[in-house]
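Visitor: Here's the letter readout for the chains.
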Amino acid sequence: MTEVLASRTFRGPAADEAIESVHNDLDSLWLDVPFVGDMDQMTFTTAVIESASNIVQHAEPVGQEPVELGVDVEVQPALLQARVSAYHAKPPFGPMTPGSPDEEAESGRGLALIEALVTTVTFERQDGTNTWVLTRTSEHG
Amino acid sequence: MEFSHEVKESYAEVKANGRLNMVSAPKLREFVTDVIAAGSNRIVVNLENTAFMDSSGLGALIGCLKAARQAGGDLRIAAVQPQVKMVLQLTSMDKVLTSYTSADEAFSND
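Going down the list, the sequences are from chains A and B.
Following the working numbering, the numbering of the first sequence begins with 1 at its first residue and continues without gaps.
Following the working numbering, the numbering of the second sequence begins with 1001 at its first residue and continues without gaps.
A portion of the hints provided could be inaccurate.
Under 10 Å between C-beta atoms, here's a sample of chain A residues computed to sit facing chain B [stated by the list, open to error]:
1. ILE49
2. VAL56
3. GLN57
Hints in this document: simulated from the structure, not taken from any laboratory.
The beta carbon of each residue, even a glycine, is placed where N, CA and C say it ideally should be.
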């Protein structure tokens, strides 16, 4: 069984306030695991916030219920893992691969940034829920 | 995130304190647009107290840079912290958004 050293879970409406809550959760998570290096904390926080923001900005409801954001972050020995989910959401539309916007573009860098920050990104869809699973091999432990 | 600005002799300094994310990015853009409209086209965004920036925040800075240039000026950033520096480097935007150690230094050679 995987050993979980610390974790945080968020679930709530996919709205602006959720981003600040998830960020505060991450800041408090790192206080529980000071052995996780600054670079790992910084990169993983950025990837999780990018993914959560992507849901708040782009996820569309599949039915009557509004989209909810779920973020589950776990610190395991030598691994950081986050499951970032859009509940009650349509399947994502548009390209799932990073674009390469020109230098004057004001959007379109999020996916490439996420991929640069983590070790693996995988996508799952089940029962109206889109989940991005982010992992980063950590230098601790 | 909180914004403030101060008009100096040769530029206007905008301070952005907090997290520059999808929530605050449109507000930064609006704030800088207002500073430009008030007559300053040389802008330094002081990021000394910006501990975090995501791609939305980066997009807002690029939008502000374009607005400053359209007004015949320029926008530079100063006192970049490690996370912001990382995002700039990973997106190769460190070549577009010139970073200076301090706000005073940003336009000192112009």
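Visitor: For each hint, tell me whether it holds in the structure or not.
Guide: Going down the list of hints, with the structure as the test:
1. ILE49: 5 Å, holds
2. VAL56: Interface hint status for VAL56(A): holds (7 Å vs cutoff 10 Å).
3. GLN57: 6 Å, holds
Consistency with the previously given hints is maintained throughout, with no hint failing.
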